[in-house]
Structures are given as structure tokens and as C-alpha cells.
Amino acid sequence: MALLASPPATADVCKGNIFNEAAALYHLDPDLLRAITWVESRGVPGAVGPRLPDGHRAWGAAQINDVHLPELVSYGVTQRDLLNPCVNLKLSAWVLANCIQAKGATWAAVGCYNTGPGSTNIAAQARYVRLVQRAYAGYRAQSALGKVAEGGAR
1 MALLASPPAT ADVCKGNIFN EAAALYHLDP DLLRAITWVE SRGVPGAVGP
51 RLPDGHRAWG AAQINDVHLP ELVSYGVTQR DLLNPCVNLK LSAWVLANCI
101 QAKGATWAAV GCYNTGPGST NIAAQARYVR LVQRAYAGYR AQSALGKVAE
151 GGAR
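full-length UniProt numbering numbers the first residue of the sequence shown as 1 and each following residue consecutively.
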């Protein structure tokens, strides 16, 4: 299934706060991207997930699933690029934007980020959404106090 939004053209170049920059590309909340990244890998840039039953795995801080590579290759993104923090976080915004297009601007889009747009695993989506909501509340509170660090660490 082709994704609806195009991935960012300058994915490998970040000039400022990487979460703010990635979120701005698709008009997303940077704190939501921070929360997703925290839940996915605790923000570890070089994180590599285990091989999944479908043979794919997730890469980088935002755990971008390599199921997206066939489409990403047409934009010049390689598997190795998925470990580049700037590319990875911009692609997380791209994946979330596509989930929002598919599911609406709801928590269902966050569940889609984790399981994919075609998944019917509602229980897994609900568990994931609860974790992201908890992290998101923490980041929103920190942002309100002006305490979110450049890299999004707690």
C-alpha cells in the first residue's frame, strides 16, 4: 500500500530541534513525536528492533519499519538511512501523517503508527496508545514549563 504523503526531500539535513523540524513538515505536535519516540526506543538513535514474524524489523529512535523501504527507495532513502537520527525522525512524522490521513486526527492514528494502517489488532493498538498518551502528557507538562531538551530526552 503506497503512503499518501511524500517523505521529506531533505530528510538527512536537520538545522535545529529535530522534533520541532520533523513535526513542522506535516503540521504535527512535536511533543507527540517525542512521546512516540520515547515509547518506541526510549530515544535510542541506533535502536534496531527484533525481526518480526513477517520478516521485517524496525530501525532507529522512532523504530521505522523497513516495510516502508520499497517506497522510500524511490525517494533515495536506504535501510542505512533509517539509523540517521534526522532521517529517522522525519520519517516518523511522515508515517504518522499518513496514519492521520488514513485514520483521522485521533488516537487511532497513533495506534496505526505502531501496527500499520491495515492492522485489525485493536488490543495492541490500545496498549500502545496508552503508553504514548502517558509519555505525551509528560512531554506536554515539560513543554509548558519550557523544559523539553533539544533531543527530547526526559
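Among the hints, erroneous ones may be present.
[Unchecked claim] So the derived label-pair ranges between C-beta atoms look like this:
1. H27 - G138: 34 to 44 Å
2. G138 - T106: 27 to 37 Å
3. G118 - G16: 28 to 38 Å
4. N17 - R42: 30 to 40 Å
5. H56 - A102: 11 to 21 Å
[To be verified] Listed below are the simulated DMTMM-like cross-link pairs for lysine to aspartate or glutamate, each with C-alpha atoms no more than 20 Å apart in a straight line:
6. K147 - E21
7. K103 - E21
8. K15 - D29
9. K147 - D54
Read the hints as simulated data drawn from the structure, not as lab findings.
Quantities reported herein were computed from a predicted structural model and do not represent experimental measurements.
In this text, a Cβ means the ideal position worked out from N, Cα and C, and glycines have one as well.
Hint check results:
Between H27 and G138, the C-beta spacing of about 23 Å breaks the proposed range 34 to 44 Å. Remark: the range hint 27 to 37 Å for G138 to T106 is contradicted by a beta-carbon distance near 21 Å. Against the hinted window of 28 to 38 Å, the Cβ-Cβ separation of G118 and G16 comes to about 35 Å, which satisfies the hint. Between N17 and R42 the CB atoms are about 19 Å apart, so this pair departs from the stated range of 30 to 40 Å.
About 19 Å separates the C-beta atoms of H56 and A102, a value consistent with the hinted range of 11 to 21 Å. The suggested pairing of K147 with E21 holds, with an alpha-carbon distance near 18 Å, which does not exceed 20 Å. A hinted pair counts as satisfied when its Cα atoms are at most 20 Å apart, and K103 with E21 does not qualify at roughly 23 Å. In summary, the hint linking K15 to D29 is supported, as the alpha carbons are separated by about 18 Å, within the 20 Å threshold.
For the hint linking K147 to D54, the alpha-carbon distance of about 40 Å lies beyond 20 Å, and the restraint is violated.
The earlier numbered hints that this structure contradicts are 1, 2, 4, 7 and 9.
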